[in-house]
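Enquirer: Chains as they are written, first to last, in the numbering used here: chain F, -16 to 234; chain Y, 815 to 1079.
Worth flagging that the hints you see were computed from the coordinates, not collected in a lab.
One or more of the hints may lead you astray.
[Said to hold, decoys possible] One-sided and incomplete, this derived list gives chain F residues near chain Y with beta-carbon spacing under 10 Å:
(1) 137
(2) 138
(3) 141
(4) 143
(5) 148
(6) 157
(7) 232
Ideal placement from N, C-alpha and C gives every residue a C-beta, glycine not left out.
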Amino acid sequence: MKIRKSYLKKIYYFILAYFLLWILLFEFILPVNNFLPKPSIVIESFPDMWTEYNLPSHYLSSVGVIIISLFLAYQLVKILSPYLIEKENFVSLFINSLEWFSEYIPGIVIGFLLIFWLPDSEYAEFIFAFATAFTSIMIKFQNESENVNEEYILSAKSLGLNQNKISRLIIWNNVKPKLISHLFSLHFYIWLMLIVFEFIKGGLGLGVIYRRALEFKDLSAIFSVFIITGITIFLGTLILKFIRKKFAFWN
Amino acid sequence: MPSGIDINSDYLVKLESISKTYSVEGGLKIDVLQDINFKIDTSERGTITTILAPFGSGKSTLLKIIAGLIEPSGGKIFFKDDHHKIPYITEKPSSFPWLNVRKNIEVSMNLKTSKETDIQSLISLVDLAGYEDHFANNKSVGFRFRISLARALAVNPSLILIDDSFKVMKRESRGEIFDLLINISSRQNLNFVLATTNLVEAVQLSDKIILMSKKPGKIIKEIHLNNKDRTQLNNHNSEIFTTVKAEIETAFEAAESLTTINYSV
Chain F
-16 MKIRKSYLKK IYYFILAYFL LWILLFEFIL PVNNFLPKPS IVIESFPDMW TEYNLPSHYL
44 SSVGVIIISL FLAYQLVKIL SPYLIEKENF VSLFINSLEW FSEYIPGIVI GFLLIFWLPD
104 SEYAEFIFAF ATAFTSIMIK FQNESENVNE EYILSAKSLG LNQNKISRLI IWNNVKPKLI
164 SHLFSLHFYI WLMLIVFEFI KGGLGLGVIY RRALEFKDLS AIFSVFIITG ITIFLGTLIL
224 KFIRKKFAFW N
Chain Y
815 MPSGIDINSD YLVKLESISK TYSVEGGLKI DVLQDINFKI DTSERGTITT ILAPFGSGKS
875 TLLKIIAGLI EPSGGKIFFK DDHHKIPYIT EKPSSFPWLN VRKNIEVSMN LKTSKETDIQ
935 SLISLVDLAG YEDHFANNKS VGFRFRISLA RALAVNPSLI LIDDSFKVMK RESRGEIFDL
995 LINISSRQNL NFVLATTNLV EAVQLSDKII LMSKKPGKII KEIHLNNKDR TQLNNHNSEI
1055 FTTVKAEIET AFEAAESLTT INYSV
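Put together the whole structure using the sequences plus the hints.
Expert: Put into structure tokens, the structure is as follows:
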């Protein structure tokens, strides 16, 4: 625990050092440049983010899509878990094919197709984020379900638990901590994909602000959204870590 | 499963010519168990039977066959009761770490018919009163074994199988668990079948020791211990203990399986 605390402390100092360096360099030494914006301009431009870029709706759209898609994907995998464990059924064979595809085709390519099919749909971002999250969680679950402690299964079988109970009570719970840990990296990956998707498609989302800010060559807006994105992902990871600690604390 | 029920029989469980063969790559077949015959009579209710055998002799396989978790390649098993749920306590802790003590026990209980007092009495029986809401996660092996034992008792069995679970326990904890098992078996009139590689463990706990050789696993001898000699058997310097130990050593020497039996006290 001590090691962990000191590790976090190091990260905070590291960020603080970068922050101070940015203020020092770009506020006082190089106030006019094309590399990073002047700190005072970033602070001044924050209110403009509300009015000119409509930050609240774009922000809520992206955050909503991420939260809902991750939550629904996780719940759906939980419901389907008994079928995912079976190796010979259609669902499992379908997942194997998805896993194979995902090794060769970047997920964003599916996003391009989705933009083509549903150019004006408000739900395209959600469908894309949900499909990405669901595929990833499903593959992770299926792979991890092969490594469930044999002792739990043997013991449950000898106590007369049926296959459905074994799947839901033992296999699911055994995999749960690894699945939630997987959400840490998946959460970051979905943010990345979603921003690119929104950037290309337009409509709502932080990706749209990045695009507009680039069109306007508004460095301070890009930098502001960059900070907002980073803080949101950081907070999201903290929430997931809390969930892991509270609801999947076992090894 | 090649097993049967015989309510009028004079045994609780009877194994007849049980064998197990595994096929490995290249079509090679490995005989793990060969012609295993033994029974626990109804007159032996409330006793502990230990299968003492070296590593790799198929003890775990044999227990899994009795529990109905794997099929034998040959032979039959007979039970006296038609309700023959036989809980199998594994070598590594198997209490579910995501559940607390109470919920772990409830898993194996029929909640429609069981009462709160049943759960509480099981918790008290395994000396876990006061720990009902504690989770199994990060608890000692002894604590987790007690949960497994309570969970096994919850299905109201006539026989519980324990697969070398004491190996990883601390010495003090092991002593307490031995006393607990002896008490439960005699008070609840319940039978335990244990598998171990430890001679001292076998002598301290058992009413009957079944010696098995390895490659393939075969029964080489049955030794019946008198419960009246329990105090003497617990004393490693006593004449009875030395005699039993010598008898076991001789049997293993004859079967050339001596090397991996643990004789440490």
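Enquirer: Taking 10 Å as the limit, does the beta-carbon of residue 148/F come near enough to a beta-carbon in chain Y?
Expert: Where the cut-off is 10 Å and the nearest Cβ of chain Y is about 8 Å from residue 148/F, the hint holds.
Enquirer: Do the numbers back the hint for residue 157/F, that is, is its least Cβ distance to chain Y under 10 Å?
Expert: Constraint on residue 157/F satisfied, holds at 8 Å.
Enquirer: Does the nearest C-beta of chain Y fall within a distance shorter than 10 Å of the C-beta of residue 143/F?
Expert: holds (5 Å)
Enquirer: Closer than 10 Å between Cβ atoms is the bar; does residue 232/F clear it against chain Y? Give me holds or violated.
Expert: With a minimum Cβ separation of about 6 Å from chain Y (threshold 10 Å), the hint on residue 232/F holds.
Enquirer: Min Cβ distance, residue 137/F to chain Y: is it shorter than 10 Å?
Expert: holds (6 Å)
Enquirer: Taking the least C-beta to C-beta distance, is residue 141/F closer than 10 Å to chain Y?
Expert: holds (4 Å)
Enquirer: Hint residue 138/F vs chain Y: min CB-CB distance below 10 Å?
Expert: holds (4 Å)
The structure shown violates none of the earlier numbered hints.
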